[in-house]
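Chemist: This is what each chain is made of:
2 protein chains.
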Amino acid sequence: MRSLNGFIQRVRECNTGLEELHTLTPFVVDGKEVGKLKPRFVEQTRRFPEVFVVEGTPGPSGRVSLDADLDSCDKRSAKIADVLDVLRKESFITGWRDELYPVVASFDDTPLLLVERAAATHLGIKAYGVHVNGFVREPHTGAIKLWVARRSMTKPNWPGKLDHIVAGGQPHGLSCRENVLKECAEEAGIPAELAATARPVGAVSYLTIAANGYKPDVLFCYDLELPPDFVPMPQDGEVSEFSLKSIEEVAEIVATTTEFKTNCCLVIIDFLVRHGYITPEQKGYLQLVAALRSGECS
Amino acid sequence: MRSLNGFIQRVRECNTGLEELHTLTPFVVDGKEVGKLKPRFVEQTRRFPEVFVVEGTPGPSGRVSLDADLDSCDKRSAKIADVLDVLRKESFITGWRDELYPVVASFDDTPLLLVERAAATHLGIKAYGVHVNGFVREPHTGAIKLWVARRSMTKPNWPGKLDHIVAGGQPHGLSCRENVLKECAEEAGIPAELAATARPVGAVSYLTIAANGYKPDVLFCYDLELPPDFVPMPQDGEVSEFSLKSIEEVAEIVATTTEFKTNCCLVIIDFLVRHGYITPEQKGYLQLVAALRSGECS
Chain C
14 MRSLNGFIQR VRECNTGLEE LHTLTPFVVD GKEVGKLKPR FVEQTRRFPE
64 VFVVEGTPGP SGRVSLDADL DSCDKRSAKI ADVLDVLRKE SFITGWRDEL
114 YPVVASFDDT PLLLVERAAA THLGIKAYGV HVNGFVREPH TGAIKLWVAR
164 RSMTKPNWPG KLDHIVAGGQ PHGLSCRENV LKECAEEAGI PAELAATARP
214 VGAVSYLTIA ANGYKPDVLF CYDLELPPDF VPMPQDGEVS EFSLKSIEEV
264 AEIVATTTEF KTNCCLVIID FLVRHGYITP EQKGYLQLVA ALRSGECS
Chain B
14 MRSLNGFIQR VRECNTGLEE LHTLTPFVVD GKEVGKLKPR FVEQTRRFPE
64 VFVVEGTPGP SGRVSLDADL DSCDKRSAKI ADVLDVLRKE SFITGWRDEL
114 YPVVASFDDT PLLLVERAAA THLGIKAYGV HVNGFVREPH TGAIKLWVAR
164 RSMTKPNWPG KLDHIVAGGQ PHGLSCRENV LKECAEEAGI PAELAATARP
214 VGAVSYLTIA ANGYKPDVLF CYDLELPPDF VPMPQDGEVS EFSLKSIEEV
264 AEIVATTTEF KTNCCLVIID FLVRHGYITP EQKGYLQLVA ALRSGECS
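Chains as they are written, first to last, in the numbering used here: chain C, 14 to 311; chain B, 14 to 311.
Hint data in this document are derived by calculation from the structure and do not stem from the laboratory.
Source: prediction; values computed, not measured.
There could be a bad hint or two in this list.
Given that identical chains are not distinguished, each listed pair holds provided it fits within a single copy or across any two copies.
[Said to hold, decoys possible] DSSO-like mimics (lysine-lysine), calculated; alpha carbons at most 27 Å apart, straight line:
{"#": "1", "residue 1": "Lys-296", "residue 2": "Lys-45"}
{"#": "2", "residue 1": "Lys-195", "residue 2": "Lys-296"}
{"#": "3", "residue 1": "Lys-174", "residue 2": "Lys-45"}
{"#": "4", "residue 1": "Lys-274", "residue 2": "Lys-92"}
{"#": "5", "residue 1": "Lys-102", "residue 2": "Lys-258"}
{"#": "6", "residue 1": "Lys-168", "residue 2": "Lys-158"}
{"#": "7", "residue 1": "Lys-45", "residue 2": "Lys-258"}
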């Protein structure tokens with residue numbers, strides 16, 4: 014029986030940097046903590062006193078909030094956009110996406126403001142994504158194969174890494190289901206009627222303190238069973254190639270290499286658990302199941 | 014879209030009494046905390062100074078451990094069995110099962126001692142179970158129906174409540190898989206070759222402080238797809254009848270009634286999440302997913 018240590022190691026790689034937690038300052042909007050800021054970002058906020066209010070000593074006991082006049086989502090979003098634009102021009106914030114993320118204390122809440130996706134980690138806000146495991150069941154044996162994407166070498170993040178057939182950040186203004194349909198079309202040429210059969214199967218979460226900030230990420234997981242004769246096609250240049258691998262081969266890659274984009278490993282391990290490829294007889298099963306939701310899940 | 018409040022309420026009912034947590038005393042064996050004791054059980058342990066060592070004030074800062082001479086699993090098990098037998102004769106412990114549970118700090122550990130199942134909650138040790146959702150897929154529509162058991166009115170626990178097709182505590186000396194096969198045969202007359210197709214799909218956990226003690230329970234979840242023409246048969250008198258209900262009807266019963274044995278609701282909700290009957294568009298989705306593993310998961 015294979016040890017689960019490799020899988021546990023992949024989960025750990027999604028949950029790193031937490032020894033810096035005591036250096037982070039709560040980011041509070043409308044009385045709710047919606048993010049956490051690294052000391053270097055707190056310093057930046059001091060440059061914009063008409064937008065940000067810094068109280069107390071930076072760290073868990075202090076807080077950064079917004080000027081009281083910013084009492085609506087629109088006002089907050091506009092003012093923060095101006096600040097982020099300055100920081101972008103100074104190259105403090107890189108990887109601009111032109112995609113708005115909602116800032117919320119909890120996924121179901123009405124957004125308190127909208128911010129450019131590239132600023133999410135700097136602000137330490139919750140970021141959500143949809144990740145789709147696209148799989149094929151061998152008609153005769155029932156054996157499962159998984160479609161795996163290789164990310165384009167020109168992608169700014171994780172170039173050349175292995176990825177799900179479809180995955181994407183969860184932007185403002187789309188439901189998860191709508192986002193799955195959109196990403197299925199854009200990333201893999203999956204027609205809407207087929208994409209609509211994608212089944213939500215739960216969520217995984219992790220917590221990383223990265224160089225540019227705090228990442229309390231939640232990924233909504235989907236299973237999409239594809240017909241054996243369907244072949245995904247790269248549409249938007251984000252994927253260099255798709256390949257169909259046996260679930261055993263995918264498990265081996267996840268367990269023994271860092272070829273996959275790190276957070277995809279969580280979603281694949283969740284798939285392996287749900288489909289019975291990882292069993293309670295394997296040492297560390299319960300720890301692995303629990304570790305798949307190490308981050309916030311709200 | 015149905016609100017998830019009913020499901021969230023069922024999960025809450027599995028996680029109650031935690032306001033008493035500050036009254037519990039750690040139960041320590043071989044230097045490891047393996048359980049928690051209510052004040053009334055600590056008082057009982059004082060009657061057996063040749064077995065138990067009570068240190069400090071009862072509560073989280075105190076501890077109850079075993080006499081240092083009890084330095085093997087066999088010695089500990091024998092001495093504790095004597096104590097439990099006294100407490101059974103005095104009717105302090107009821108519901109004797111003649112089934113041994115391993116006492117461990119974590120599921121994969123070698124047992125530090127074995128105790129009668131009826132004493133598990135009194136000692137506050139981790140108890141594990143296997144719960145099987147037996148389902149049928151309509152050949153033409155793919156619609157899912159779930160086999161539901163009604164517990165016999167003569168069962169000491171939860172008489173007359175709805176239950177899984179198969180479920181059972183995880184005793185010493187069997188793997189989870191072996192236990193599933195055994196319970197499938199005993200409780201529902203499911204032949205071994207069919208039971209062997211039960212798929213482990215994860216685990217749920219909860220934490221209750223009940224009248225008789227602390228319950229940090231973990232349930233290993235299984236999906237067992239059954240042929241449409243298979244009919245389970247009560248074997249051992251524990252089940253009064255089996256019925257096949259649409260997944261929508263089962264969801265409605267769980268959401269709006271307390272007809273199911275409480276902890277079965279967790280495993281059914283997990284099934285509803287994994288099979289896409291509960292979706293991220295429903296308010297409270299992430300809280301529900303997280304709440305399914307509110308207890309310890311180790």
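Chemist: So, against the hints stated earlier in the document, which numbers end up violated here?
Modeler: 3, 4, 5 and 7
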